[in-house]
Amino acid sequence: MTKAEKQKEPEKAPQWKPNIVGFLCNWCSYAGADLAGTSRIPYPCDVRIIRVPCSGRVDPLMILRAFREGADGVLVSGCHPGDCHYIEGNYYARRKFIALKKLLDHVGIDPRRFRVSWVSASEGRKWANVVEAVTRELLEVGPFRYEEDGDD
Amino acid sequence: MAAEYYRLNKDKVGELFERARADYDVVAKTRDANGNLVYGRPATFDDVAFVDEQPPMSAKAFALPQTETLVRYEREDEKIRAEGPEAEARDVLLFGVNICDAAAFDIIDHVFKWDYLDDPYLGRRADATLFALACAAVQQDCFCDRISYAEDGVDTVAYPLEGYYLVKVQTEKGRKLVERYHDLFDAEDGDAEAAINTFREKAGTAKKEPLLESARAGLEKAFEHADWEILASTCIGCGICTYTCPTCHCFDIQDEGSAIAGRRLRTWDHCTGRTFTAMPAHQPRDRQYKRYRQRLLHKFWYYPERFGPLLCTGCGRCITYCPVKINIKELVEYFGGLKDTPPGGARHGK
Amino acid sequence: MVNNPEHLYVPRLVRVAAVVDETPTTKTFQLAFEDGPRPDFKCGQFGEFGIYGVGEATFCLASPPSRDGLDITVKDVGKVTRAFHNLNEGDLVTFRGPYGNWFPYDGFKGKKLLFIGGGIGQAPLRGLLWACLENRNDFDEVDLIYATREECELVYERELVEFEGRDDIGVTLALDPVCPGEPIPGWRGRTSFVPPILEEDRPSPENRVVITCGPPIMIKLVANSLLEKLGYAPGQIWTTLEMRMKCGLGKCGRCNIGSTYVCKDGPVFNYEQILSFPQEF
Amino acid sequence: MATIREELQAAVKKLFDDDKIDYFVGYAEDYGHTFPAILTKDSDPSRLTFDRKSYDNLANFLPELRGSRVGLICKQCEVRTLNVLAAEEQVERDKLVVVGVPCPAMLDPRKLTEGAADLDSLDESYWQEKCRRCLERNTPLADVFVGERVSTPTPAEGWPLLEEVEKMSAEERLAWWRRQMSLCIRCYACRLACPLCYCHQCFVEDNKPQWIDKSVAPENNLHYHIIRAVHLAGRCIECQECSRVCPVGIPVDVLNNVLSRDFAERFGYVSGETAETQPALTRYERDDKEDFIL
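Residue numbers (my numbering), protein chains in the order written: chain Y, 2 to 153; chain D, 209 to 558; chain B, 2 to 282; chain S, 3 to 296.
To be clear, the hints were calculated from the coordinates, so they are not data collected in a lab.
A quick note: this is a predicted structure, and the numbers were derived from the prediction, not measured.
Quick reminder that beta carbons are idealized off the backbone N, C-alpha and C, glycines included.
Honestly, I wouldn't trust all of these hints.
[Unchecked claim] To give an idea of the chain Y side of the interface with chain S (calculated C-beta under 10 angstroms), a few residues:
hint	residue
1	I50
2	R58
3	D60
4	L62
5	P82
6	R96
7	F98
8	K103
9	R116
10	S121
11	V131
12	R137
13	L140
14	P144
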């Protein structure tokens with residue numbers, strides 16, 4: 002696709018749906034999402050879930066890689082503070098995300114593109130609400146695309 | 209071809225630039241957003257920096273871009289479609305390029321055309337015309353006066369003399385350029401070579417003995433010299449010297465994309481980096497000084513042994529921009545036996 | 002589709018015809034050319050093999066040119082080799098080549114050949130070994146010493162068994178001694194590093210060439226043993242060097258040893274040449 | 003009276019003569035530059051110097067010399083670096099002889115025009131930014147101190163360039179950073195000149211998986227710099243070497259400053275002030291502020 006063609010593309014076509022990558026802790030948020038499904042709670046289906054052992058496993062590299070691979074937003078979800086299966090993984094994660102968030106804000110990437118939530122295994126409803134909120138926000142923000150420079 | 213000489217009035221340079229833009233993709237020195245000097249594509253002559261000063265990055269990227277697609281591939285069902293990039297047919301004019309940058313192309317041509325022909329590089333090289341500007345004064349770290357590289361391959365060189373540029377035309381491509389805009393050039397009737405020599409003496413760019421070529425015999429004996437370890441150990445292994453160098457040409461080949469679609473590309477790579485020769489079970493150059501030694505010897509021993517010219521034009525960027533100011537010229541002189549004292553006084557002493 | 006043969010870096014596509022598990026970390030891939038005839042190659046050459054989206058890697062051509070297609074033997078050590086290990090029959094891989102020089106097959110004729118392989122280093126020898134066996138009458142004695150760290154690391158096990166049953170090739174298998182002198186239960190070969198075997202069996206240098214490949218340290222020790230203890234001349238020892246390569250074409254500068262481009266002037270060298278290089282390897 | 007140069011050379015000679023050190027890491031002056039030099043007993047110390055172009059953070063050379071007894075010139079920058087390295091158990095303090103100096107404030111090479119006359123007299127406008135913020139010009143806790151102690155002016159407040167960037171809107175900031183990143187040539191000098199980037203294998207060298215694409219494109223470059231800043235979060239001691247060495251003039255340290263400032267406010271410590279403070283990302287509080295979490 003040439004640059005001109007890309008520019009012709011409408012920025013926010015009505016059917017546009019955000020690509021959201023969700024990194025979900027195996028012990029809580031993943032089960033929470035599962036519960037939302039088995040409880041038949043309707044919510045937007047735009048999150049592609051990657052199951053991780055702990056929110057502490059999520060390296061900022063993974064988040065940026067997701068953006069690089071075309072994600073419009075990234076959601077990391079783990080256990081509530083104090084509930085970590087590994088006692089303290091999410092506390093460390095929280096500090097890491099403070100740093101990443103600060104930097105993303107600084108370089109001008111919309112803060113709504115990277116969200117963190119605590120969702121426990123029993124909070125199917127909360128999971129649905131989080132996804133709803135994140136999706137709604139991303140619909141406002143629109144697709145994430147660095148302007149392409151190309152090398153050749 | 210035999211060299212031809214013309215005069216270009218100093219106030220005609222702007223017109224030459226503007227008119228050349230109709231026929232060529234003109235590249236010249238200009239300032240980027242941060243105020244740094246770069247080779248770029250200024251829109252008007254007002255944005256052109258027609259000066260001696262070197263941009264941090266040499267001009268080699270116009271023949272060997274830092275990142276270049278070699279193959280694009282796409283998978284459809286069971287089939288994979290793959291093709292090389294289409295050749296871009298465009299005449300590039302490197303306008304006001306430093307001689308040390310311009311002469312580098314001839315040097316690295318050797319490696320790209322021996323045996324297999326590297327068509328992506330050679331294609332762009334064939335399309336490029338060089339209009340070099342001779343320096344009126346040497347700059348802090350450069351040492352082109354100590355290397356006898358041939359400038360014959362530089363299509364045209366403009367020597368800034370009193371009131372006009374003496375333009376020396378050395379190739380057919382250069383002649384084509386001058387013929388295209390012949391009304392801007394006047395015939396030179398004086399003794400041009402004498403004028404050039406005088407100019408070089410004054411600028412400090414006339415060749416001085418001992419030339420660094422003469423260090424090779426010493427370098428060939430110095431591979432095991434104990435002082436490499438101490439003198440090159442401040443090297444931090446970054447790629448500045450190689451990436452800013454007009455003659456460093458090593459590259460890496462990588463795939464980017466998915467199994468479905470993507471590209472195979474080449475990017476500059478540097479022998480001073482840790483990963484350059486690292487294999488899963490074996491790292492031949494396992495210490496930083498060995499990696500630095502490879503760079504130096506490649507330029508002043510291996511390359512000339514193989515292809516003739518030194519892999520260096522003395523532009524001095526690898527000294528100016530080196531974070532730790534390792535001085536390749538001093539090290540060549542020291543290890544090549546032209547000088548007894550090591551730079552900075554460090555010796556290993558074993 | 003047909004690739005543009007004009008373009009240096011555009012590879013051909015070849016199909017994986019069969020995958021053979023050699024060891025827990027090594028597989029042999031038999032590759033078939035479908036978009037045209039297989040290029041001619043000679044024993045000792047290599048190719049740049051790749052998987053789109055992953056990258057290219059250098060492998061020696063591990064089968065004799067007389068056979069259809071070509072084989073490569075891949076040890077799972079990095080990004081590209083890992084991806085190769087995940088391939089199935091029918092998958093497509095990319096191929097550029099053949100590149101590099103080759104063993105002086107004709108110069109070996111009439112001579113005694115001693116092959117010494119170490120670990121995965123048997124792969125570059127395999128093509129030549131088979132080519133010699135196919136034309137067995139061209140040569141005097143043919144012997145093979147093949148050493149690995151453990152029994153499960155022997156590649157081409159079935160071929161080794163076949164060799165052991167033949168009387169026109171002498172086979173010595175060896176495992177690295179964990180405890181020197183201790184026999185390894187159930188092991189049919191010897192328990193020793195290669196140099197002691199050479200020094201014990203003392204193959205005479207007369208009219209013999211040694212072709213060796215293996216880990217750098219093994220090549221070095223074998224060569225030292227042959228040169229110093231057994232009276233071989235450096236020119237009688239041939240090896241093929243493994244260097245990190247990217248282009249295979251003498252451009253990218255990665256495989257330089259001194260002014261030598263291993264990808265163009267090598268990978269096959271005799272030890273006389275190797276001794277003349279700057280000694281960094 | 004002896005100049006600092008003479009005092010330094012005498013001190014180094016004595017350290018070698020007394021067999022206190024195997025290597026000395028300092029600055030030498032030659033061919034018009036001041037540059038880091040690693041000296042042995044048999045080296046000629048007469049080129050050793052300490053001047054206003056002694057830019058490099060010498061702590062960067064310690065990993066190469068690990069296991070040996072090293073004498074090291076320490077400005078405030080090195081002292082803070084050593085504190086972080088000590089907290090991370092990366093330095094063998096008992097093998098280190100700290101040679102203290104009075105730091106005259108380093109000049110910004112980008113502000114120096116060629117042939118600037120008297121370097122000693124250049125005022126604040128020629129200084130590196132970090133030197134305006136310096137807390138202590140004289141090396142504290144030096145094993146040997148050479149030269150005469152100087153007074154430390156009141157440290158300047160604020161990060162001028164960072165604040166300038168922050169005045170922009172989000173779109174402008176993204177455009178500004180993209181423009182900076184389009185200059186990046188990925189030589190990794192910023193990483194390699196950084197004394198706290200000591201990993202044996204950096205994430206940019208990982209290829210299973212390949213996190214950061216090797217091709218040089220603004221977005222890849224930006225991702226590299228963001229992750230590097232994350233890895234230095236709460237550790238960076240603001241020596242600004244990353245920016246100084248950048249051949250294309252990207253103010254890399256601005257990204258680090260974003261976190262230095264935020265972490266100072268949030269977690270209440272200045273990186274490298276003491277050897278006891280563990281970097282913020284290696285610890286946590288149960289009640290860390292989490293206003294951004296859903």
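Hints, verified against the model:
no.	hint	in the structure
1	I50	violated, 16 angstroms
2	R58	violated, 14 angstroms
3	D60	holds, 8 angstroms
4	L62	holds, 5 angstroms
5	P82	holds, 7 angstroms
6	R96	holds, 5 angstroms
7	F98	holds, 8 angstroms
8	K103	holds, 5 angstroms
9	R116	holds, 6 angstroms
10	S121	violated, 13 angstroms
11	V131	holds, 5 angstroms
12	R137	violated, 12 angstroms
13	L140	violated, 16 angstroms
14	P144	violated, 14 angstroms
Of the hints listed earlier, those the structure fails to meet are numbers 1, 2, 10, 12, 13, 14, in rising order.
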